[in-house]
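Asks: Construct the complete structure from the given sequences, taking the supplied hints into account.
Under my numbering, the first residue of the sequence shown carries the number 1, and numbering increases by one thereafter.
Derived from the structure by calculation, the hints contain no laboratory data.
Be aware that one or more of the hints could be misleading.
[What the hints assert, rightly or not] Think about it this way: if two alpha-carbon atoms lie no more than 25 Å apart in a straight line, the pair counts; the simulated BS3-like pairs of lysine-lysine are:
#1 K86 - K98
#2 K36 - K95
#3 K36 - K92
#4 K36 - K98
[Unchecked claim] Pairwise CB distance ranges (calculated):
#5 V79 - Y7: 36 to 42 Å
#6 I93 - F72: 30 to 36 Å
#7 L55 - I93: 25 to 31 Å
Source: prediction; values computed, not measured.
For glycine and all other residues, C-beta sits at the position ideal for the given N, C-alpha and C.
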Amino acid sequence: MLQIFVYLFAFFVTVPIIVTGLIYVLAYFWHRRRRKAVITAANWSLVFYIISVNLIFFMMFERPTIGYTLIFLLLILAVIVTLQWKVHMEVKIGKAFKILWRGSFLFFFILYVCATFLSILLRIFV
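Replies: The following block contains the structure:
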């Protein structure tokens, strides 16, 4: 039984677009609003994209990249907090994390697509 969950998790990490689609369909049936379903799908599938991008980069460069990912996310969070402080003179950590989370989804989704195509091209031509 445990092996089924391990294989399912490995499949979802390998192809996180399927996770996003499944979560979107379930959230759309639950909320009946497209915007809410898209936000729910982005929130719940971001972790799969982060893991997948790090695994693709590990396969391409043969170096672990999770540390660089965490440093990048912390730097972006610091920039968001600084901008909030400059503009509003008040920092709302919850709003900063929400901006970071949604922006990270867009970034890692695009990075996943580009890294997938790049790794396929590298496997074909090198």
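Asks: All hints, please: hold or fail.
Replies: Going through the hints against the structure:
no.	hint	in the structure
1	K86 - K98	holds, 18 Å
2	K36 - K95	holds, 17 Å
3	K36 - K92	holds, 22 Å
4	K36 - K98	holds, 14 Å
5	V79 - Y7: 36 to 42 Å	holds, 39 Å
6	I93 - F72: 30 to 36 Å	violated, 19 Å
7	L55 - I93: 25 to 31 Å	holds, 30 Å
When each numbered hint is compared with the structure, a violation occurs for hint 6 only.
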